Amino acid sequence: MSMDRRQFIKIAGMSALFGLGGKGAFEFLRPGALEASEHGHGVEYVPEEPAEVAKRWGMTIDVQKCGEPGVVEKCIKACHSTHNIPDFGDSKNQVKWLWQDDYEHTFAGNENSYMDDRVKELPFLCLCNHCDEPPCVRVCPTKATFRRPDGVVAMDYHRCIGCRFCMAGCPYGSRSFNWFDPRNALNQKEYNLDFPTRMKGVVEKCNFCVERLAQDKLPACVEAAPEALAFGDLADPDSSVRQILRKRSSMRRKLELGTKPSVFYLV
Amino acid sequence: MIEKALKGEPRYFMWLVFLMGIIGVGVGCWFYQLYKGLGITGMGRDISWGVYIAQFTYLVGVAASAVMIVIPLYLHDYKKYGKVVVFGEFLAIAAVTMCMLFIVVDVGQPQRMLNVLLHPTPNSILFYDMIVLCGYLIINIIVGYNCLLADARKLPHPGWVKPFIYLSIPWAVSIHTVTAFLYAGLPGRHLWLTAVMAPRFLASAFASGPALLVLVLLIISRVSKFDPGRDALQTIAKTICYAMIINLFLVGMEIFTAFYSNIPGHMHPLQYLFVGLHGHGKIVAWMWTAAPFAFIGVLLLLIPSARRHHGILAFACASIFLACWIDKGVALVIGGFIPNPFHRIIEYSATFPEIAITLAIWGIGALILTVLHKVAITVREEEAAT
Numbered sequence: 001m002s003m004d005r006r007q008f009i010k011i012a013g014m015s016a017l018f019g020l021g022g023k024g025a026f027e028f029l030r031p032g033a034l035e036a037s038e039h040g041h042g043v044e045y046v047p048e049e050p051a052e053v054a055k056r057w058g059m060t061i062d063v064q065k066c067g068e069p070g071v072v073e074k075c076i077k078a079c080h081s082t083h084n085i086p087d088f089g090d091s092k093n094q095v096k097w098l099w100q101d102d103y104e105h106t107f108a109g110n111e112n113s114y115m116d117d118r119v120k121e122l123p124f125l126c127l128c129n130h131c132d133e134p135p136c137v138r139v140c141p142t143k144a145t146f147r148r149p150d151g152v153v154a155m156d157y158h159r160c161i162g163c164r165f166c167m168a169g170c171p172y173g174s175r176s177f178n179w180f181d182p183r184n185a186l187n188q189k190e191y192n193l194d195f196p197t198r199m200k201g202v203v204e205k206c207n208f209c210v211e212r213l214a215q216d217k218l219p220a221c222v223e224a225a226p227e228a229l230a231f232g233d234l235a236d237p238d239s240s241v242r243q244i245l246r247k248r249s250s251m252r253r254k255l256e257l258g259t260k261p262s263v264f265y266l267v
Numbered sequence: 001m002i003e004k005a006l007k008g009e010p011r012y013f014m015w016l017v018f019l020m021g022i023i024g025v026g027v028g029c030w031f032y033q034l035y036k037g038l039g040i041t042g043m044g045r046d047i048s049w050g051v052y053i054a055q056f057t058y059l060v061g062v063a064a065s066a067v068m069i070v071i072p073l074y075l076h077d078y079k080k081y082g083k084v085v086v087f088g089e090f091l092a093i094a095a096v097t098m099c100m101l102f103i104v105v106d107v108g109q110p111q112r113m114l115n116v117l118l119h120p121t122p123n124s125i126l127f128y129d130m131i132v133l134c135g136y137l138i139i140n141i142i143v144g145y146n147c148l149l150a151d152a153r154k155l156p157h158p159g160w161v162k163p164f165i166y167l168s169i170p171w172a173v174s175i176h177t178v179t180a181f182l183y184a185g186l187p188g189r190h191l192w193l194t195a196v197m198a199p200r201f202l203a204s205a206f207a208s209g210p211a212l213l214v215l216v217l218l219i220i221s222r223v224s225k226f227d228p229g230r231d232a233l234q235t236i237a238k239t240i241c242y243a244m245i246i247n248l249f250l251v252g253m254e255i256f257t258a259f260y261s262n263i264p265g266h267m268h269p270l271q272y273l274f275v276g277l278h279g280h281g282k283i284v285a286w287m288w289t290a291a292p293f294a295f296i297g298v299l300l301l302l303i304p305s306a307r308r309h310h311g312i313l314a315f316a317c318a319s320i321f322l323a324c325w326i327d328k329g330v331a332l333v334i335g336g337f338i339p340n341p342f343h344r345i346i347e348y349s350a351t352f353p354e355i356a357i358t359l360a361i362w363g364i365g366a367l368i369l370t371v372l373h374k375v376a377i378t379v380r381e382e383e384a385a386t
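Protein chains in written order, with my numbering: chain P, 1 to 267; chain L, 1 to 386.
These are computed hints drawn from the structure, not numbers from a lab.
A few chain L positions that, by computed beta-carbon distances, are all more than 10 Å from chain P:
no.: 1; residue: K154
no.: 2; residue: L167
no.: 3; residue: L218
no.: 4; residue: I219
no.: 5; residue: K238
no.: 6; residue: Y242
no.: 7; residue: T257
no.: 8; residue: A306
no.: 9; residue: V371
no.: 10; residue: T378
Computed list of lysine-lysine pairs in DSBU-like fashion (alpha-carbon distance at most 35 Å, straight line):
no.: 11; chain 1: L; residue 1: K36; chain 2: P; residue 2: K74
no.: 12; chain 1: P; residue 1: K120; chain 2: L; residue 2: K282
no.: 13; chain 1: P; residue 1: K143; chain 2: L; residue 2: K36
Interface residues of chain P toward chain L, partial, derived using beta-carbon atoms under 7 Å:
no.: 14; residue: H105
no.: 15; residue: A108
no.: 16; residue: T142
no.: 17; residue: G162
no.: 18; residue: C163
no.: 19; residue: G169
no.: 20; residue: P171
no.: 21; residue: V202
no.: 22; residue: L257
Values in this document were obtained by computation on a predicted structure and should not be read as measured data. Quick reminder that beta carbons are idealized off the backbone N, C-alpha and C, glycines included.
Based on the sequences and whatever the hints tell you, model everything.
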């Protein structure tokens with residue numbers, strides 16, 4: 001746990017306060033409505049133990065391990081089935097959260113003609129870099145995309161107006177717009193009822209599995225391939241990612257732009 | 001006063017009906033776009049802004065250019081602009097309206113657009129853009145309408161309008177500066193990441209907007225009894241000429257910086273636009289259409305004897321209008337997205353519904369301009385008759 005007691009009490013206290021206030025307000029405005037909806041759907045609120053809170057979540061990707069057969073595929077599959085990612089079947093309208101590319105394109109601008117051929121052909125997993133200084137957050141006119149205190153760059157799909165300024169601002173091509181209705185392009189067999197689908201006309205991207213972090217679970221891709229991916233608090237010197245970064249040399253994409261990515265490639 | 005737009009010759013009404021036809025087709029296509037999604041356009045994950053945002057950018061410039069008539073008249077007391085200034089202001093109203101409509105058709109969830117005001121975000125340039133555009137529209141409506149109303153009643157212009165006129169001058173500069181900042185502040189888009197973006201936007205705006213105004217005034221002088229005045233047209237022509245020279249100079253700066261520094265990221269978009277990159281060159285023909293028109297336009301406006309001939313003046317203004325439109329309304333936005341962040345080249349071409357919607361918005365602009373100018377012409381004709 002990277003949280004001290006004081007922090008824990010603060011968060012727990014605030015949550016309790018808001019929880020009570022929320023329910024109280026609901027009771028006052030629409031008496032019985034909350035109970036009705038709860039019983040109607042058979043859902044009961046169970047207070048949860050607060051999950052681990054980081055100062056800045058980060059990820060390491062071992063590119064050599066990704067080169068082993070099946071690793072990249074299972075990461076992508078885990079992500080796509082967790083987040084109901086639509087498949088429109090063409091590159092123009094494609095929605096991408098986690099995908100693979102080669103070194104030359106992932107690290108465009110840092111091409112090295114004399115590089116080891118083996119590295120050249122290794123698959124590089126691409127996702128949102130959850131930058132410390134995210135240009136997409138800076139340009140968004142509605143705060144529909146925002147940086148959480150734990151470093152995750154998140155999206156509010158209900159507030160997004162679909163102006164796509166964030167897509168122009170992101171130097172990593174990590175943002176996708178729903179050019180058509182994504183609900184018509186879902187894989188019906190692997191539909192995850194626990195994660196919302198999106199509507200046409202809004203932007204989406206990798207969310208570092210915030211919904212899983214809230215339940216103290218690792219991101220789906222990390223869980224699928226723990227041998228290649230690691231996830232932890234970059235601010236904590238003892239975290240798994242920091243230990244790995246101490247031992248291995250790493251690269252990040254387009255550092256010269258000052259975005260400070262949280263995704264590290266181990267080579 | 002606005003009732004003056006209801007009386008006119010048959011050709012006036014035929015023109016309006018023609019415009020409404022174009023608008024009708026586009027509105028139909030827009031409903032289709034709302035229903036299906038923006039995927040029916042040529043835009044995609046790599047070229048995520050296309051012809052809509054490009055038209056928006058170009059028309060902000062046209063709107064801002066009214067200031068080129070306002071400054072000489074109100075700051076330097078150049079009285080020959082007294083009769084034409086309202087035509088410039090009405091052109092600004094039509095252009096700003098078109099800008100707003102291009103944003104509406106471009107966003108994925110237009111019904112949520114007020115979120116920009118509900119959740120004001122001072123770090124987003126788009127937030128400022130919305131404010132300055134709305135403000136500029138209101139200022140021009142106040143100034144244009146009240147000055148013309150006073151003219152119609154043969155009264156001096158009301159004194160309280162003066163502050164709005166002075167305010168409109170920096171405001172006009174602001175709308176296009178803010179629009180340039182939409183692009184110039186984005187990391188990783190090399191064509192846009194340039195400090196001369198705002199100056200270049202202003203220069204090309206002060207060339208293309210007045211060029212459109214001269215064309216409109218030349219048409220008006222043919223179809224009505226209103227004479228904008230030879231001197232007024234000649235002075236506007238000089239403004240266009242100098243602004244266009246500055247614009248071309250700044251384009252030259254961009255090309256020098258990119259190619260002398262030899263930095264690939266800076267050269268690639270310009271190479272794509274002018275000569276093609278890795279076998280992709282959909283914009284090349286556009287650029288080599290724009291370039292000769294730009295230089296011919298400047299040359300014709302530089303030569304006094306050519307400029308004084310109304311036919312040649314019209315051709316020169318049309319050339320500059322077209323050259324600037326290709327530069328800003330086609331190349332600038334698309335060039336910024338090429339190559340993409342992965343250094344791949346994905347090209348863009350507009351689809352039929354996209355073009356129909358674009359034409360419809362130009363049609364709405366033309367409709368607003370026609371109606372407003374009709375009112376202004378009638379007032380000027382009545383003035384001349386008495």
